[in-house]
Amino acid sequence: MALAFDEYGRPFIIIKDQEQKSRLRGLEAQKANISAGKAVARILRTSLGPKGMDKMLQSPDGDVTITNDGATILEQMDVDNQIAKLMVELSRSQDYEIGDGTTGVVVMAGALLEQAEKLLERGIHPIRIAEGYEMASRIAVEHLEHISQKFEFSANNIEPLMQTCMTTLSSKIVNRCKHMLAEIAIKAVLAVADLERKDVNLDLIKVEGKVGGKLEDTELVYGITVDKDMSHPQMPKRIENAKIAILTCPFEPPKPKTKHKVDIDTVEKFQTLRQQEQKYFDDMVQKCKDVGATLVICQWGFDDEANHLLMHRNLPAVRWVGGVELELIAIATGGRIVPRFQELTPEKLGRAGLVREKSFGTTKDRMLYIEQCANSRAVTIFIRGGNKMVIEETKRSLHDALCVARNLIRNNSIVYGGGSAEISCSIAVEAAADKYPGVEQYAIRSFAEALDSIPMALAENSGLQPIDTLTAVKSQQVKENNPYCGIDCNDVGTNNMQQQNVFETLIGKQQQILLATQVVKMILKIDDVIAPSDY
Amino acid sequence: MAVERLLKDEATEEKGDRARMASFVGAMAIADVVKTTLGPKGMDKILQSTGRGRTVTVTNDGATILKSLHIDNPAAKVLVDISKVQDDEVGDGTTSVVVLAGELLREAEKMVNAKIHPMTIIAGYRMAAECARNALLQKAMDNKQDPEKFTSDLMNIAMTTLSSKILSQDKEHFAKLAVDAVVRLKGSTNLDSIQIIKKAGGSLKDSFLDEGFILDKKIGIGQPKRIENAKILVANTAMDTDKVKIYGARVRVDSMARVAEIEGAEKEKMREKVQKIIAHGINCFVNRQLIYNFPEELFADAGILAIEHADFDGIERLALVTGGEIASTFDNPESVKLGHCKLIEEIMIGEDKLIHFSGVAMGQACTIVLRGASSHVLDEAERSLHDALCVLSQTVNDSRVLLGGGWPEMVMAKEVDELARKTPGKKAHAIEAFSRALQAIPTIIADNAGLDSAELISQLRAEHHKERTNAGIDVITGGVGDMEKLGISESFKVKQAVLLSATEASEMILRVDEIITCAPRRREDRM
Chain A
1 MALAFDEYGR PFIIIKDQEQ KSRLRGLEAQ KANISAGKAV ARILRTSLGP
51 KGMDKMLQSP DGDVTITNDG ATILEQMDVD NQIAKLMVEL SRSQDYEIGD
101 GTTGVVVMAG ALLEQAEKLL ERGIHPIRIA EGYEMASRIA VEHLEHISQK
151 FEFSANNIEP LMQTCMTTLS SKIVNRCKHM LAEIAIKAVL AVADLERKDV
201 NLDLIKVEGK VGGKLEDTEL VYGITVDKDM SHPQMPKRIE NAKIAILTCP
251 FEPPKPKTKH KVDIDTVEKF QTLRQQEQKY FDDMVQKCKD VGATLVICQW
301 GFDDEANHLL MHRNLPAVRW VGGVELELIA IATGGRIVPR FQELTPEKLG
351 RAGLVREKSF GTTKDRMLYI EQCANSRAVT IFIRGGNKMV IEETKRSLHD
401 ALCVARNLIR NNSIVYGGGS AEISCSIAVE AAADKYPGVE QYAIRSFAEA
451 LDSIPMALAE NSGLQPIDTL TAVKSQQVKE NNPYCGIDCN DVGTNNMQQQ
501 NVFETLIGKQ QQILLATQVV KMILKIDDVI APSDY
Chain B
1 MAVERLLKDE ATEEKGDRAR MASFVGAMAI ADVVKTTLGP KGMDKILQST
51 GRGRTVTVTN DGATILKSLH IDNPAAKVLV DISKVQDDEV GDGTTSVVVL
101 AGELLREAEK MVNAKIHPMT IIAGYRMAAE CARNALLQKA MDNKQDPEKF
151 TSDLMNIAMT TLSSKILSQD KEHFAKLAVD AVVRLKGSTN LDSIQIIKKA
201 GGSLKDSFLD EGFILDKKIG IGQPKRIENA KILVANTAMD TDKVKIYGAR
251 VRVDSMARVA EIEGAEKEKM REKVQKIIAH GINCFVNRQL IYNFPEELFA
301 DAGILAIEHA DFDGIERLAL VTGGEIASTF DNPESVKLGH CKLIEEIMIG
351 EDKLIHFSGV AMGQACTIVL RGASSHVLDE AERSLHDALC VLSQTVNDSR
401 VLLGGGWPEM VMAKEVDELA RKTPGKKAHA IEAFSRALQA IPTIIADNAG
451 LDSAELISQL RAEHHKERTN AGIDVITGGV GDMEKLGISE SFKVKQAVLL
501 SATEASEMIL RVDEIITCAP RRREDRM
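Those sequence lines, one after another, are chains A and B. Counting from 1, one number per residue, gives the positions in the first sequence under the UniProt record's numbering. Counting from 1, one number per residue, gives the positions in the second sequence under the UniProt record's numbering.
Bound conformation, chain B alone (with noise of 0.2 Å):
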């Protein structure tokens, strides 16, 4: 008697090794896509939208490209999680993420061929992972009560997220930017104020960092071009004919003079609201809402820079950086809290003008401007950066610090081999197995620096057998280094977060036996 179907038409079920195979396959190819983009030296991808704008993208930023692609393998998917995940909690280390698990995964499926259990596999890589993760704990470095340690070690850490990008040819100068802007946070990972504004034209090296605010708008016609010490009123109100709240309010009149009336007593109404506002006595007004051309002129008139249409994000900075409060009424002018700043200006950065506050009172905030030559170029730096900040910010959290250049993976490795010599029982094998896993990073990371990977890493692993070692890959002069003296580090928390999400991840794709995938959704078709 045949079986009956029991999905529904197009759900398509695999079962057991087939079902494993699908996912080792796919995992791998994953991290085969984004491997080469993996160190100082990996390269580029070029990404173009199905879109219609068919724009494209140049990057070499893991999540960036795993975002992009389409994928329709399950266990893919899975990683391409992990990867964003480590970009929204980290920042940095998204490449790796999805390398080190697709390795796993790579030594996971040798050992189901060779008839182990799945099972016994999670079981030893949890172990190993357990082991690797103290081996970090031991060796990590914390210059917290040394300040000026800690910068240089910020320094360090930022040159070395930025070396893989494109900004390496300046790093020096974006690590500079970069660490700057951290330190003016003083401690919170909000990253919102930090402003990062794109101009094209000019090189990479005319970037700067500017420790007032930016704000991308024009000047009013006829009002102050320049103010000093001015008083801020940020504001979020509706500057054109205010509307009646009330529900169901309408305005019906029986004649033209009647109209003419209530025109003028809306026109007063306006007048009133500025007058309002003007009494706080301010110099300058910014509203996120559009201010329409009568207050503007009252405005004006009265000496006062306003300013209309700052979006969200620019108001709450701005309200942020001053020390203003966000105002919608405006009927008690003494308890209203104005921003200060000692002087607004308009500047040019190109062709552009922007309207530049300096000089303010809350030194948290600042603004990256960012110059390129093409919008491509100023896209892939605004993520280095953003990438190189959120190391930052969270390593300014968690002080402690790893050195790089495949020194991390090394030391793991070396403690987890430990650790299978001393496991009775099939485990050893996955333990070993993962320590093999760790030590393909450094071999990536030399093979796409064009080097002689099994070269590098023998020597890397004898030289790891001495104790007390900082020796590395130095991409640059093609052989084992001193990190330490190379300035390579790297943030703790980032090289943990690799390390405990890629063993998640491939373990859950291990205890996979069965993949049943439902028939998708139909569209309409809109071509």
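Bound-form chain A, shown alone (with noise of 0.2 Å):
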């Protein structure tokens, strides 16, 4: 345990409590840390592909989470290894940044390790490999460049678009439905895209869930859902043509933030008082009828006096409305947001073609769907499904597709999925190997055969001969030179990936890449653990 050592072999003490730390050094840290990492990607490695199984995952709570996302089952897997959480925060980059393959990331990091591991055995430097790595991975993302395609689609026509989404969604438990998802999630994108700038804001689509029905009731709506009902029971269910007036102010007399007080010490005074308040509300609602509005749509709450008042006028209301929900009424409108009821006018209501009022099965569960908007540049995807985890991974899983469709718009290229990008780039690093002279040389092969890793895995999953149908389709790529071929997970009965139209997007890929390789230098570089040991 000790640091250091005087002449009389007493030690030195240099870290506070050292006696109660454990300490990891040298090959045995590295080795313990690839260890862990390589546990953390054989959990993962069998749900890739879209013969993945499931994880069921329990939190402390007890609630239930079953799902084949990678980001989301690390996530919730409470972690306590620290090499362990740098593969959760890889997954999670990987998440924040492209939004699928979360999965085959951390089974690409899993298979680096476990090749830097045999390196290790040999004797060769951590740093050399961490190099060596390095260098493969520039070679990886280039050739990725090279078979990429361009990839051409318009508003018109989103099949393309369609098959990328429906290959991300085939490996999860939706894939029954995957045609209808994947065409609503391209729906989605293409109505708040802007195709000029290539950006896409998916805070504009909204994916709200309520249990009951089943998934192919999952529909998508051009407006806004909000998980609310109007303020009073008796007011009208639909309108047409609404012009809503969006409020952040209550119906509630005003709050001064000075602190004041209004003393009453005669009759007369309480009197004037009790007019001012009637007053209040009557202004009021009298502002928003007199601007125009047939609906209110408030975050805050309302008096029962106001309420009454809103209800007598012939306005319907809706209150507590969240935050989020109303920046995106308002944009989906064209309304703004106004915070005082002396500022409203005319110009600031937002316009919808219809609001109405849908509830659902037995329990008096209602929502307010607003539709036809102005703008209908913010959209809702409201999912229903059987239970409450299915809902969860549909949410999931919608987020990929749409993350994915996102991708596509920004950058128009793809590579070909089922494991036929990385047995081409494992070709070409093999090749480019030869050609580096020292140390590096190893590690660049090792790369080669962790790219390897991907496909074996999907043909594990699909319960294929693994090495067989590598080499297979090793060699065919070799033979025909053509980097289209791939694992044939759904026994289509070809292998070639263009034919079976399984896409991914080039950037998902190059960053898989990229952000596996960082995360296993960094790993590789460690070679000191020094961590307070259990009490």
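Treat each hint with caution, since some may be false.
What the hints assert, rightly or not - Capping the alpha-carbon separation at 30 Å, the derived lysine-lysine pairs in BS3-like fashion look like this: (1) K414(B) x K214(A); (2) K348(A) x K237(A); (3) K15(B) x K38(A); (4) K395(A) x K84(B); (5) K269(B) x K259(A); (6) K279(A) x K337(B); (7) K269(B) x K269(A); (8) K276(B) x K269(A); (9) K237(A) x K231(B); (10) K269(B) x K261(A); (11) K15(B) x K85(A); (12) K273(B) x K269(A); (13) K16(A) x K85(A); (14) K228(A) x K67(B); (15) K186(B) x K210(A); (16) K273(B) x K287(A); (17) K84(B) x K358(A); (18) K289(A) x K269(B); (19) K358(A) x K337(B); (20) K144(B) x K214(A); (21) K214(A) x K110(B); (22) K273(B) x K289(A); (23) K337(B) x K237(A); (24) K67(B) x K214(A); (25) K214(A) x K422(B); (26) K267(B) x K261(A); (27) K84(B) x K214(A).
No lab work stands behind these hints, which were simulated from the structure alone. Computed from a prediction, not measured in an experiment: that's the story for all the values here.
Put the two chains together into one complex; each comes in its own frame, and the hints tell you how they fit.
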């Protein structure tokens, strides 16, 4: 445990509470780290691909999540080990950046670590391995660019986009309705996309879910749904050509921010105050009415009296609408959020073709649909499903599909899936390895080997003979000089991914390789782990 | 080199076959719990809560049983969840959905042991479910066009639903109650406007449907006990001394005389408010909030019936039935819509006095008064009636009807069997297994009734191989009978929901190959 000794063999105390800390150094530390990283990758390995299995996770509160989304699994796994935490971070950053391929990136990192372990045993210095990996990843990324294809689509021709989304969705539990969901995702993205600037703001797509019904009932609403109902049970449930006043001030007497006191000491004052109060309510409602609003959406609550006055003047209102929803409503209807009654003007009202309340099932769940908005740049995907877990999983799957569609709009280069891109890269890296003199050559070769592990896992999960399949595909690629051969997971009969229409985005794949390499480099560089030991 | 501990302390991880085994066992255990409650001769369960009261519930409603169980097994939770959703969405079939999912998993376990990959099983189940659904769609009958037949359909469905519950003795009586109530809703699924009042005493047979509205409140002292041609103002307003709502206002006085003046002004204010209310020309005033002594006295003087502290639901329902609006300000009497009813009177049910509004303008709402020997009976009766009401209201919207008594399961099983024969590959095993799982439901119904299930099912299957048969299990005589003649029907929507959610849930559990359980969050021990 000790770090240094004096001439009598007594240890110098350098680190605080040195005796109580566990410490690993050198090769031992690296091996421990690698084995932890591998353990995480091993958990996710079976979830890869269209035939991947799900994981069931039980949270500390007893809630159950069933998913095969890598990022979600790792996030909820309650990981304790430091290196395992790094892997969790890795998957999360892939999720933030690309949104899809969160499982693949961890499996890739795991494979790289596994290869690194072998090299370490041969006595190759970890930094040299890291450098070799770095070179190899550069080769792979360039090669990906080389084999990628531009991919044409337009707002009218969404079929190619749908194929890509279907590739993403086919590995999830929702693959029963992948066609429908892919269509919904693409339509949603195209509705909010800015095709000129090639940008998509996914915040404008709201994904809402409610249990009940079946997955096929999932729908895309060109507008907003709000999980609220009208403030007064007798207000109309359907408003056509609504003009919406969006308010962030409560229908209550104002509360000045400075402290003040109103003293009542005479009967007259008492009475004027009362009249004042009534006037407040009256004015507020009148102001909304005056500017021509036919629906009031408010972030705050209403006083009973105001509520009745609204009802009375035939002005339907919704209260306690959340801030995010309020903003979306404002964007969709082209209205402005008004913080004070005095500032209400007709120009600031939002417009929607139809606002209706819809009720579900036997319980009294109601939702408000705001549709046919002036500016349909905000859409809502409304998911129905048999139970809460299916809905949550559908939400995650749709998120992935939306991200893929967004990435394609940003950059329309694609590579082919089914492991074909990895195999092709592996061949390219292997060939390039021989050009590098020195120890790095070994590391580069190992990198090529690690790339093979993704198609290998795909084949394994699909119930195929992993080595047979991989070698067959690889030789086919080299023989036919066709980088589109991959693993035929769904037993379609051809392993040409171009014919199977299995695409992935180029940036997603590149990011996977870069991120995985980065994390592995970081792990390899650690040669000392100091942790407080358990009490 | 030993792998470092990856997860936090106490977190457990189960992999591969062990994980699959854990979820199969858990799911099947749950299915077995509710299995014996299935069918008209199903048994009830007693549930005792762990709370302070140790209250006891007697029920045979699947969702209620499962809701009250404390379950640790994650797969079992999935099943509890689907039964809850079934309850929310269609209201009935909560037991069937769990039993079917359990049977599907039982079959799946056998196949997994025979080394068939779960993904293959899932693919087979999916094809089978689709095929079964189509079979149901073809066989469903729709009598929407013929109102008379439709009503008899509704009666049959209600009786079928109720026959497995505590109300089965008086099922005709209650089926009629439920159908009447639902028909009044005119297609809306909002069951809020059907009010159920439970009063212990009397027998179940004394329960009745009242066309008016019954409010469980007393009439104030000195106020009229009976009003004809009532004009009702439904309000939600504070009837104590009105608070000043302007922020920061407070009363500061310097002498006793002033206090008296202010008090006088307050009283005056209240009096004015009451005057305004009276100016609406009403003779009944119902408020959601409390009415204090002073205004109550004023109302009594004016001969107005004032009812205080009706709950939120009560107010909304009352507004709905009488056609009035819920008012909170009283300055424009001419434009406030008042509610109307022919007669308000105080009635006695058992020993309690209730206020009865009859001859109401809008016919949508109604009240069902349940009578029964004990609170347990009443609770169970309410749940049963709720099931029946839910199913009926769903059927009014989706009027397709199927026969009951295991008929739909046998129809589906037959179609699925045929599909299995046509399908090449390992999937065929899964499809066959699906059909076996479907047949398990009539088997369980027969078993629960103490009949020879093996004999009955084989008879039933033979019967179903003829074209257009209506054969199902007749639990009463213990044989195979014509379901159409016996009048046993079920709603198509319920059956479809059972089929789809059970398949979805079993698929979800099958896909799992690893279970990671986090350490339970530590709670302060309050014992």
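These are the hints, each one checked on the structure:
no.	hint	verdict
1	K414(B) x K214(A)	holds, 24 Å
2	K348(A) x K237(A)	holds, 23 Å
3	K15(B) x K38(A)	holds, 16 Å
4	K395(A) x K84(B)	holds, 20 Å
5	K269(B) x K259(A)	holds, 28 Å
6	K279(A) x K337(B)	holds, 22 Å
7	K269(B) x K269(A)	holds, 13 Å
8	K276(B) x K269(A)	holds, 22 Å
9	K237(A) x K231(B)	holds, 26 Å
10	K269(B) x K261(A)	holds, 22 Å
11	K15(B) x K85(A)	holds, 21 Å
12	K273(B) x K269(A)	holds, 18 Å
13	K16(A) x K85(A)	holds, 25 Å
14	K228(A) x K67(B)	holds, 26 Å
15	K186(B) x K210(A)	holds, 26 Å
16	K273(B) x K287(A)	holds, 25 Å
17	K84(B) x K358(A)	holds, 21 Å
18	K289(A) x K269(B)	holds, 29 Å
19	K358(A) x K337(B)	holds, 26 Å
20	K144(B) x K214(A)	holds, 24 Å
21	K214(A) x K110(B)	holds, 28 Å
22	K273(B) x K289(A)	holds, 26 Å
23	K337(B) x K237(A)	holds, 18 Å
24	K67(B) x K214(A)	holds, 22 Å
25	K214(A) x K422(B)	holds, 28 Å
26	K267(B) x K261(A)	holds, 24 Å
27	K84(B) x K214(A)	holds, 15 Å
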